Each structure stands twice: as structure tokens, then as C-alpha cells.
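A.B. asks: Sequences and hints are given; from them, build the entire structure.
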Amino acid sequence: MKRCLVVIIIAFLLCGCVESKNFAPVVNGWLQPKARLGSYRVKQGDTIYSIAWAFGLDYRALAAANRLSPPYRIEAGQTLQMTIIPRGAHVSGRFAAAPRWQSPPPLQPVAHWRWPAKGRLIGHYSVGMAGNQGINIAGHYGEAVRAASDGVVVYSGAGIRGYGNLIIVKHTNTYLSAYAFNKRILVKEGSRVRAGQKIAEMGRTNSGRVMLHFEIRRNGQPVNPLRYLS
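Heads up: the sequence shown runs through residues -20 to -1, 1 to 210, numbered per mature numbering (1 follows the signal peptide of the UniProt record, and there is no 0).
Hints were generated in silico from the structure; no laboratory data involved.
Everything numeric in this text was worked out from a predicted model, so none of it was measured.
Certain hints may be false.
What the hints assert, rightly or not - Simulated pairs of lysine-lysine, PhoX-like, Cα-Cα distance not exceeding 20 angstroms: (1) Lys98 - Lys23; (2) Lys150 - Lys168; (3) Lys163 - Lys178; (4) Lys150 - Lys178; (5) Lys168 - Lys178; (6) Lys23 - Lys178; (7) Lys163 - Lys98.
C.D. replies: Given below as C-alpha cells:
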């Protein structure tokens, strides 16, 4: 009887050990779910750039999949197709007529990137689900946040989860940059900005930390900002 009881207890403990490995995945605080299939209903304040940013897509690929031409106007309530057709893939069914996005030839890189804020670097770029897709710069509440390079503001708002008050600047067809957790945004969508121009005031994260979260994306994918900033 005792032997049977011991066996049962051991089996129970082993099951517990197996189940303890099935933790919920750690979700990157900066990253939206990377859905590639299905559709998305446009919300008030969305732009094609903010939607592509939230889902980790190149805005040109998303626009092509939905037959949108510059300046990529969309309206609240509009449904966007989120299926991005890979170049050279076989297409059938109802997506057969969808345009295929061709990757453009490489453009000249942005001539100069400057630091978007003064302060101490407290978070480095890292890859992986629990990684950081940009860098974090600590500073003082209300301190100036500046454009890292010349460009056009393509998103200004708080509609992307995990970024707070966010600005996205388009520098070239290839490069975009983002400035998150702002106390106050000083530029509007469509505004042209110059490198070093004050575009926002530094704010706090949801946890109360005063900092700027800064990202650079190339063809829709995050890159290490420290390789660009000077």
C-alpha cells in the first residue's frame, strides 16, 4: 500500500514538473502581435504606417496588398487585408488577383542620424520575443525629444499598444524612426521635420519611468539604433 502511495506521489510530482515548463510566453512590451493572416479593421487615428509598425510589416507591402497608392489614405471602419504575399510565392483562390509587392532596389542610407535625446542609455537593442526593438534613454520629465534625422511625420498619436504617445517619422522609403512615451507631442502628421528639431517632450512609461524609447526600422524591420546614431 505504501509503495503504491509513493508511486502515485512521484507520478504527481513529475506531472507538475512537466506542466511547470508550459509558462505563458514573455511578450515584448514594444511589439504588437505579428499576425500575417486575416484582416484588420481600421480605427480612428490609424495610418498605414502605424498599422504596419504595430504588426511588424513594411508599409509598402501592406499598401500593395490592399491596392493603396501614396499618400495611402485610409478611413476608420475600413477593412485591410493583412495577408502579405511573399515575392515568388504561388497564389491561388481569392487572393490570386492581389498585387505582389516587389522589394525596391536599395536606397542611399540616411546621411546622418543624431541622438534623439540627452540622457543615460538604460536599455539596449536586443532580439527575440522578450527583446527590445530599440533603445531606452533616461532623462528628465518634459525634456526635449528631437528628430534623429530629416523626415516627415507619418503618425502622431497613442493608438499603438505599449508605446504611449508616439511619433513615427519617415526619413526615406526605407527608413522610419519612432519616439515613444512622450509627455506632449509638438508635431502633426504631415509635418516636415529637420534633424535636431524638437518634436516632443519626454514622458513616462506605464511603470512611471521617465525615458524615451527610440526605434529605427529598415524595410519594416527593427534594427539596432546604436549602429546608426552618432
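A.B. asks: Tell me the hint numbers this structure goes against, listed in increasing order.
C.D. replies: 1 and 6
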